[in-house]
Every structure is written in structure tokens, then in C-alpha cells.
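Asker: The opening position of the sequence shown corresponds to residue 63 in the working numbering, with each subsequent residue numbered one higher.
These are calculated hints, taken from the structure and not from any lab test.
Predicted model, so just to flag it, every value in this text is computed and none were measured.
Even for Gly, the Cβ is constructed at its ideal location relative to N, Cα and C.
Mixed in with the good hints, there may be bad ones.
Unchecked claim - What follows is a set of in silico ranges between Cβ atoms, one per label pair, in the way DEER data are often shown:
hint, residue 1, residue 2, range
1, T247, S151, 41 to 49 Å
2, S151, H240, 31 to 39 Å
3, R250, G130, 18 to 26 Å
4, D237, G116, 34 to 42 Å
5, L251, M182, 26 to 34 Å
6, R110, E245, 24 to 32 Å
7, T132, K229, 19 to 27 Å
8, S169, L251, 34 to 42 Å
9, S113, M182, 21 to 29 Å
10, A186, K229, 19 to 27 Å
11, G116, L251, 19 to 27 Å
To be verified - In silico DSS-like links for lysine-lysine, alpha-carbon gap of 27 Å or less:
hint, residue 1, residue 2
12, K117, K242
13, K184, K229
14, K117, K229
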Amino acid sequence: MFSSIHATIPSDADIANQILKEESGYRLPSFSASDAVTLGLSLRKRFRASSRHGKGKGMVISIQTIAGHTLFSCTAGDLGHHSGEGDVSLESWACLESMIAVVKRTSHSSYYVEKGMSAMGKTAKQTGTEGEFTIRGGAFPIWLDNAPCCPIAIIACYSGSSQEDHKLVSTTVRDFLHKKQKESTNSRLSISSSMPLTEMPVPTLANQENRDSFAAWGAELAAGHMRPQPPFEDEHDD
63 MFSSIHATIP
73 SDADIANQIL
83 KEESGYRLPS
93 FSASDAVTLG
103 LSLRKRFRAS
113 SRHGKGKGMV
123 ISIQTIAGHT
133 LFSCTAGDLG
143 HHSGEGDVSL
153 ESWACLESMI
163 AVVKRTSHSS
173 YYVEKGMSAM
183 GKTAKQTGTE
193 GEFTIRGGAF
203 PIWLDNAPCC
213 PIAIIACYSG
223 SSQEDHKLVS
233 TTVRDFLHKK
243 QKESTNSRLS
253 ISSSMPLTEM
263 PVPTLANQEN
273 RDSFAAWGAE
283 LAAGHMRPQP
293 PFEDEHDD
């Protein structure tokens, strides 16, 4: 009984491998500041609809380029909720920034680093992520299809739950990618269907008079009225 229960719980190595598949599979064809706003608002909306937010949990969200330029930033929830659970403070932002630093350092999601270190038995010092880095889930790299050298941006959120924060970020990126792929397919189909069909022009005679003259010419030819001209005669006597 207990062995079957343990078999259904994924190991840290299994989780790390699954995150690697997400990172390699969720790569965007392009990424703009407008896309960052769309992603950030979707992330905020999903969290506000969750049971954790209903229980008073708060969240901080940030989307930055790999160089550190902020594209989107917001807070979901109030500071000092009456339940005492939803505190969003400067400490929350500091934790979020240190998670983003992990992605910049490793080019992997912070949850992958957390689970990978646990699976291999590595310490933060051994992986070079000690000090200013916070090893917990919630920061995810945004890759482009045609730029395999490094991520172009980082999307991150922090609400205090490593697993839930990573799941929220990764599924938001996944659904955004699927939406862009669908829009691209529909756009190509629309362009293809709107292209006019090219047909060979049918030659037409200029007017009725021309058509009648050609008809008369054909009738005379058929009746033998048009005789061949005699050959030219030499006008010079021998």
C-alpha cells in the first residue's frame, strides 16, 4: 500500500526533468513589450481567481529583460490583509529580485535549480548560487526559437509557495505560446484565402465589325473564292 503511494509521488529528479521539457518547449517566435504586458495581466488575473488569493494571499509579479529592463511589474493583493496571510511588502520584492537573479545566473527557472540541487545533493555554494540568490520556484526564463544562446527575458512571481508559483508562471507562458501559434496559423490561412486566383485572359475581338470580317474571310476561304496569287513574272526579256 505505502509503496504504491510513494510510486505516484514524483521525485525531485523527475520534477527537474519535467521543468527542462517546459523550458525547451515553451519558446516564443517573438517577444515584445506588449507581449510582456499581456503575460503579466494574464498572470495577475489567474492568481486573483485562485483559492489562495481568496484566502488572503498576495503576490508580486515582475517581467524583465535579461539585461534588467522592467517591462511589467505589479502587486496582486493588499498589504496587511486582515487574515494576516497576505502581506506584500518590500521583503516580497527583494525575494522576487533574488529569484530573478538565479535565472540570470543559470539560464534556468528557479524551480529547476531548486529541484536539481535537491536531486543531486548539491549546496548553493557548490552551484554558485549562494548569498544574494533565493532558490525557490516562481521565476521562469523566456526563450526565443531563433536565439538559443540565452533567454531574452524573465517572468517571475512570488506568493510564498514555490510549487504553486512555478506552476502558475509556466502554464501562463504555455497558454500564451499556444495563443500566438493559433493566431499565426489563422493569419496565414487568411492571407492564403484572400489571394486572387490568376487566370489566363481569353482573347476577344475588338468589335462586331472585326468579328464579321473574320467570318467572311473564313467563308470565302472555304468556298475557294480566295485564289493564290500567280507568281511574279520576270519583267526583263532574255
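Asker: Hint by hint, note whether the structure agrees.
Answerer: Against the structure, the hints come out as follows:
1. As the Cβ distance of T247 to S151 is approximately 44 Å, the hint placing it in 41 to 49 Å holds.
2. At roughly 35 Å, the beta carbons of S151 and H240 sit within the given window of 31 to 39 Å.
3. Take R250 and G130: their Cβ atoms lie about 36 Å apart, and the range 18 to 26 Å is violated.
4. Range check, D237 to G116: about 21 Å between beta-carbon atoms, so the 34 to 42 Å window is missed.
5. Separated by about 47 Å at the C-beta atoms, L251 and M182 break the suggested range of 26 to 34 Å.
6. Between R110 and E245 the beta carbon distance is about 25 Å. The supplied range of 24 to 32 Å therefore holds.
7. The hinted window of 19 to 27 Å between T132 and K229 holds, with their beta carbons roughly 24 Å apart.
8. With their beta carbons about 35 Å apart, S169 and L251 fall inside the hinted range of 34 to 42 Å.
9. Separated by about 34 Å at the C-beta atoms, S113 and M182 break the suggested range of 21 to 29 Å.
10. Between A186 and K229 the beta carbons are some 23 Å apart, a value that agrees with the proposed interval 19 to 27 Å.
11. In this structure the supplied range 19 to 27 Å is violated for G116 paired with L251, their Cβ-Cβ distance being about 41 Å.
12. This hinted pair does not check out: K117 and K242 have alpha carbons roughly 33 Å apart, beyond 27 Å.
13. Proposed proximity of K184 and K229 is supported: the alpha carbons are some 24 Å apart, at most 27 Å.
14. The straight-line distance between the Cα atoms of K117 and K229 is roughly 19 Å, inside the 27 Å bound, and the hint therefore holds.
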